[in-house]
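Colleague: Here is what each chain is made of, one letter per residue.
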Amino acid sequence: MPIKKDEVRHVAQLARLKLSDKEIDYFAGQLARIIDYIDQLKEVDTSGVEPTDHVLSIQNIFRKDNVKPSLTKEAVLKNAPASEAGLFKVPRIIEEL
Amino acid sequence: MGLNQQTAAGLIKMINAGTAGAGDIVTDTLQRISDVDKKVGAFIDVAGRKALLKKAEGAKGRLAGIPVALKDNLCEVNRPTTCSSRILKGFKPPYAATVVRKLEDEGAILLGKLNMDEFAFGSSCETSCYGPTRNPWDLDRIPGGSSGGSAAAVAADEAIMALGSDTGGSIRQPASLCGVVGLKPTYGRVSRYGLIAFASSLDQIGPVTKSVEDCALLLGVIAGHDEQDSTSIDTPVPDYTEFLNSDIKGLKAGVPKEYFVKGLDSEVEKAVRSAIDVFKKLGVEIVELSLPHTKYALSTYYIIASAEASSNLARFDGVQYGYRAAGAKDIINMYSSTRSKGFGEEAKRRLMLGTYVLSSGYYEAYYLKASKVRTKIKEDFDRTYERCDFIITPTSPTAAFKIGERTGDPLSMYLSDVYTIPANLAGIPAISIPCGFTGKGLPVGLQILAAAFREDIIIKAAHAFEINTDFHKRRPSL
Amino acid sequence: MKYETNIGLEAHLQLSTKSKAFCSCSTEFGNAPNTQACPVCLGLPGSLPVLNREVPASAIKVALALNCTIADRMKFDRKNYYYPDLPKNFQISQYDKPLARNGFLEIQAEKVVKKIRIKRVHLEEDAGKLFHKEGYSLIDYNRAGTPLLEIVTEPDISSPEEAYTYLTFLKSLLRYLDVSDCNMEEGSLRCDANISLKKKEASGLGIKTELKNMNSFKGVRNALDYEVKRQSAILEEGAEIIQETRLWDADKGLTTSMRSKEEAHDYRYFPEPDLTPFVIDKEVSERIKTDIPELPRAREVRFVSQYHIPEYDASVLTQEKKTADFFEKAVEIYNNPKTISNWIMSDISAVLNERGISIDKVRLSAANLAKMARMLDEGAISTKIAKAILIDMIDKGEAPDVLVREKGLSQISDAGELEGMIALVLKENEKTVKDYKSGKKNALTFLVGQVMKASRGKANPKMVNEILKSKLK
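Protein chains in written order, with the numbering used here: chain A, 240 to 336; chain B, 78 to 555; chain C, 252 to 724.
Please note that the accuracy of each hint is not assured.
If you want a taste of the chain C side facing chain A, the calculated C-beta under 8 Å gives, among others [claimed, not checked]:
no., residue
1, SER267
2, LYS269
3, SER275
4, CYS276
5, SER277
6, ALA283
7, GLN287
8, ARG304
9, LEU381
10, PHE382
11, HIS383
12, TYR387
For the record, the hints were derived by calculation from the structure and aren't laboratory data.
Even for Gly, the Cβ is constructed at its ideal location relative to N, Cα and C.
Build the full structure now, drawing on both the sequences and the hints.
Modeller: Structure below.
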């Protein structure tokens, strides 16, 4: 299936990747080849086949409702690129597009 | 012979006999790193000598005093852990991976961090932001990937043992290409807590060692149930070293025909066929098998792994840790600038593919379809267990290729994992052990697979092969 | 009005488990920022979620109380979107296999009883909290990973007022179940709405808008009121409603478009690989069912038939479980439901409402209230005395008889003593006596008042009345 440049742009936007027009062209070509290859799955008859989400049949794994110590505030913020007054700091939040 | 050239099992005997001291082992290993790592490029971070010597002094436990190195996707408290990616530049986790804790509890000396393909996306160790690691057998060639640093370090005697992670062959393929032993355990056998995820339903941590004996030893230390990993299985961990030196006469080995097709290098095939003869001589019955959905494994894998990765890697956005692109005036630009500058090309390619196959209108055609084909691939394996105890295949279709040879063609790169991927999709254990050399002197690996939680059979078979051959004893000259 | 309104509500309820949904951090509200966070709820690379056992247990309780069908098997999915309050940039939620479906909540407004259908109930994790500053924002992740239950109705609600009623009934039910604080100010109960209008005769539903950012029940009602007006004005002009998300601005009293492209929302749901599926045993739901107390609607009906109190009283008393429990306990000790109900609904409620607390947070015991009711009925105290001692009963937990004794307030019901006082009052008010005898019947009230004054409120008013009447014949 060919992949349109608009689709590549849309996918890049969903993945939060800023791509130049040149990169869009480049990825469009490569993705097209990969998608062309993975399209071979269409030949497999999977009617009535359950998908495998988990390879081993385990279920109902819980933990007890016990409170354990959290990280210290210092440890939480240690890796922060920017923080202020014990909070993570990010640039202005604007809505999508 | 330097102490760094020994196996862990050998060193433990020497320490117990008083013929080697933990400090000397550390010293020899660090010396080796400083002698050869400029050429090999396996390490991206080496711990300080003083701290290591101090730890070696009082070390207690099953791996007391044994230098072990870690793939760069395993979290160590306050030590750089970056997945060889710019986007995790400067990240020092405030917590330790469960396997790291277990190694420390058993007295292992953690040497530092090993190079890898960025976020384990690759089969050649060329996508690292630190540059490629080189194959100790031929420095112009790749060591395999993504745990290329782990395999190269062990092959070059820069570490006694190493941990890698395997999502589609990332332990076994580099082990094969570097002539060492690499095991991907059963999914759920080793806790993934603290392993920076690539594809959660496929990832497993496993040992990279110089011998099957060391592999059994290290697996015994890292395996086991962990309450912090919902997918880790609560079954007892046997003493895997008990399966060493077993008689394998009467066992049945399956050889699937789909693994001996076009694309398999003739020298690799020859080495694997000879290995099969060795098993015959050891009294193993060889059974011809068919795993009919093998040819769909690569597509299935690339859909599932990329989809999971696109979600797992969404968190790298410059908010809490790691790299943040400077100058963004609003959050949307910060996200996209950070991610565009922070991720390398292969990472972007996988994130794009993974996002695409999950996006509206494509989920059923790709992700859901692949999850169903995954069921078929698993069923292929389930059917074989009635007919054989283990399966023998080549680990990789070719020996190590030249650096840069496949970087322009993602599909040809992906094809080097074609034999290792099915084990991840089926969740079963698989090992790669040295089984020969090409005419150019490059190692060839043999893959042995077994049913889920039958690492015991793998160790029996692999060790029987190892003690009846000499391939594992050869070392590259550097 | 020529349009029919269809409203659906999505309530998000924080479950009050001790620890978060997928890690062991505390869920306590109001602590210093980023002090209740760990690798898991921060989404640090390598961390993995493990489900808190109490989370599905609480959720099943709610779903059963909402008459839902509990799934045999549920799973978690990842909802992928980027927002800085979401540490992993995906939310662990439930997509195609939610915990429960197809329930209903019975509500009543005036005399009309209506069933609002519940479409689905599913589990998810809460996000962190954002603080918007000039040109930048700050993030506190204490709340991230708190278990949330999403309760989605069918578009069965036909007016903003009915939406308000639904929320009141839902809150009352949830508080009975003791699974959440249901505090909208602290964000433990949040609500989004969707609303569409259509001509009465038209089939199907109109084009809907989604409303967000309401932080009180009244806010929900006001936002919906505004939206009804806005949409009908558009439809009047013959124009079309735009399907979009709109934000309620409580200060300005209007909704504004979020101006987001709908196609930008592509959540790319897929099964959460880090959590196992969950099989819900019939036995487990049956056991949880036995933990569910009598629910407010059923209790209300019972109160009317058992205690013969008005429907209004029954609905007020049963809204909060603690109040209803208190009432029943008092009635058990002294069987005068109407007097006890009156005191709870008027004077006691006034104090509690003023302080914004519930009945279990004061020292008043049901036994003491029962005793006070008995003393009133027996004429040992007047209503006035009861009102005078109530505050000490509430704040000090003292018994009414003790208070009456300490304050010297017990009622004078001795006829001889009263006759003496009355004789004095009649002597001092000869003119009023004359007025009364000449037919001014309200002069009696004045005389009763004078006797009460003379007795400093302690005279038994009923007896004073009777004695006065006989003396004035």
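Colleague: Would you mind marking each hint as holding or not holding in the structure?
Modeller: We went through each hint and held it up to the structure:
Here the hint on SER267 of chain C is broken, as its CB sits about 11 Å from the closest CB of chain A, past 8 Å. Here the hint on LYS269 of chain C is kept, as its CB sits about 5 Å from the closest CB of chain A, short of 8 Å. Checking SER275 of chain C against chain A: minimum C-beta separation of about 4 Å stays under 8 Å; hint holds. Taking 8 Å as the C-beta cut-off, the interface hint given for CYS276 of chain C holds, the closest approach to chain A being about 5 Å.
Interface hint status for SER277 of chain C: upheld, as the beta-carbon distance to the closest one in chain A is roughly 5 Å, under 8 Å. For ALA283 of chain C, the suggested interface contact is upheld, since its CB lies about 6 Å from the closest CB of chain A, less than 8 Å. For GLN287 of chain C, the suggested interface contact is upheld, since its CB lies about 5 Å from the closest CB of chain A, less than 8 Å. Evaluation of the ARG304 of chain C hint against chain A yields a held restraint, the C-beta minimum of about 4 Å falling below 8 Å.
The interface hint given for LEU381 of chain C is met, as the beta carbon of that residue sits about 7 Å from the closest beta carbon of chain A, less than 8 Å. Of the supplied interface hints, the one on PHE382 of chain C holds, with its beta-carbon coming within about 7 Å of a beta-carbon of chain A, less than 8 Å. Using the Cβ-Cβ criterion of 8 Å, the hint placing HIS383 of chain C at the interface with chain A is satisfied: the shortest such distance is roughly 7 Å. Because the beta carbon of TYR387 of chain C sits about 6 Å from the nearest beta carbon in chain A, less than 8 Å, this interface hint is met.
In summary, the structure is inconsistent with hint 1 from the numbered list given earlier, while agreeing with all the others.
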